[in-house]
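Could you slot chain B onto chain A? The hints should help.
Spelled out, the chains give:
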Amino acid sequence: MRLRSSEMQPVAPAPWITPKPLKDCIVAIISTAGLHRRTDVPFKVGAVDYRLIPGDADFGDLVVSHIRTNFDRSAYQQDPNIWFPLDRLREMAADGEIGGVSSWHYSFMGAQPNHHALSKAGEEVGQLLAAGEVDVALIVPV
Amino acid sequence: MPFALGRPLGTAGDTEFQKNVLRASFEMLQSAVEPTIEDYPIEAPVESGSSDWSCPVSFAVAEDESISARILAEINLMAPWSAETRATRDRTLFGVTGAGPDQVEQVARALGEIADHGNVTDLPAGDISWQFEMPLLIRHMVDDLRTFYHEAVAAQPGDSSPSHEALNDWIFSSTALGDGIQAIAKHLTHVGDGESLMTRGFLVPEGYLASGGSSFPTPAERQENKKA
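Protein chains in written order, with this note's numbering: chain A, 1 to 142; chain B, 1 to 228.
By construction, these hints were calculated from the structure, which means they are not laboratory data. The C-beta atom is built at its ideal place from N, Cα and C for all residues, glycine as well. Keep in mind that the hints are not guaranteed to be accurate.
[What the hints assert, rightly or not] Here are the simulated SDA-like cross-link-like pairs (lysine to any residue), alpha carbons at most 20 Å apart as the crow flies:
id	chain 1	residue 1	chain 2	residue 2
1	A	44	B	227
2	B	19	A	120
3	A	23	A	120
4	A	120	A	95
5	A	23	B	26
6	B	19	A	95
7	B	227	B	190
8	A	20	A	132
9	B	19	A	44
[What the hints assert, rightly or not] Label pairs and their computed distance ranges (CB to CB):
id	chain 1	residue 1	chain 2	residue 2	range
10	B	210	A	44	26 to 34 Å
11	A	41	B	13	30 to 38 Å
12	B	32	A	44	52 to 60 Å
13	B	225	A	23	33 to 41 Å
14	A	139	B	219	45 to 53 Å
15	A	39	B	5	24 to 32 Å
16	B	35	A	68	23 to 31 Å
17	A	20	B	125	53 to 61 Å
18	A	132	B	57	45 to 53 Å
19	A	20	B	186	35 to 43 Å
Here chain A stands alone, though its shape is the one from the complex (with noise of 0.2 Å):
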């Protein structure tokens, strides 16, 4: 694993945006840790493709194709938000700690080390994000 970080490309900044005030914005979610809801067809090996998460997801209807073995699932079983905190961010926003949650989240598979393979699911999730008027994407890896 580290001689295949040792590979990777370094990622440029973007250009600095500084959002809103917290209070004010819309938070998604973006996770790599294969998510997806049941009816969706599976991440496959090498996936570079993403999978839309409803705001009003119920964790029941998700399930994890991520190909990985080696990190821990059973915390996520235990409690979903541990991955894919959906149920914070809604106790945030009630809370006027945030300014609400993104009708949709953005599920992709990680383990991904050609970044460049990534980069056309990228844009088009970014498109989509500014097209919800979500001000904060928040990544969560696994």
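What follows is chain B alone, placed relative to chain A:
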């Protein structure tokens, strides 16, 4: 974040700890003036789960039994515990293979037969609409069954909820499922093509392959495949 792999928000079930992690991330958006990386300074509290956990249920092993029969016996023993956890949580993660939540036995039977007979190329028969091709399906069948085993463990008496390592130790040292995974890893090694060897890597966590070494293709195996 100084948290274990698979626990990016630190601690399962600790809402305030999770929110504090989120708050720290969000606050960086307000204070930073350029792309910034900061270490989160607080370690996750030690969960009641520990690496010295042991499963209170032990499974009898009869030498003459097939792996399939042994896995089915385990499933039967654990079904009430798993049902308890599913009822408490009102959800299950089981089913990524395409199996319905109540088709645990069918998945177990299919995996056991692969372990016993070594057919890693044909989709198992039955009425499940499998969502993966072989041999990759095997990796997700194991995930579904591990989900079921984890559910069963979660309902058993005691405060202790096992760590990831403790669960792996238990699966691979004390269960027919672990024996089945190792048997399938051998079959995949025997087939030896690139896809089978990669599936072996996705099947057996690092450090648990019975024959030793990494479960991913070795340099010698890669070389052999290049020649082929």
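Hint check:
| no. | hint | verdict |
| --- | --- | --- |
| 1 | 44/A - 227/B | 27 Å, violated |
| 2 | 19/B - 120/A | 32 Å, violated |
| 3 | 23/A - 120/A | 31 Å, violated |
| 4 | 120/A - 95/A | 36 Å, violated |
| 5 | 23/A - 26/B | 11 Å, holds |
| 6 | 19/B - 95/A | 12 Å, holds |
| 7 | 227/B - 190/B | 16 Å, holds |
| 8 | 20/A - 132/A | 16 Å, holds |
| 9 | 19/B - 44/A | 32 Å, violated |
| 10 | 210/B - 44/A: 26 to 34 Å | 28 Å, holds |
| 11 | 41/A - 13/B: 30 to 38 Å | 31 Å, holds |
| 12 | 32/B - 44/A: 52 to 60 Å | 36 Å, violated |
| 13 | 225/B - 23/A: 33 to 41 Å | 56 Å, violated |
| 14 | 139/A - 219/B: 45 to 53 Å | 34 Å, violated |
| 15 | 39/A - 5/B: 24 to 32 Å | 28 Å, holds |
| 16 | 35/B - 68/A: 23 to 31 Å | 27 Å, holds |
| 17 | 20/A - 125/B: 53 to 61 Å | 57 Å, holds |
| 18 | 132/A - 57/B: 45 to 53 Å | 48 Å, holds |
| 19 | 20/A - 186/B: 35 to 43 Å | 57 Å, violated |
Checked against the numbered hints given earlier, the structure breaks hints 1, 2, 3, 4, 9, 12, 13, 14 and 19 and satisfies all the rest.
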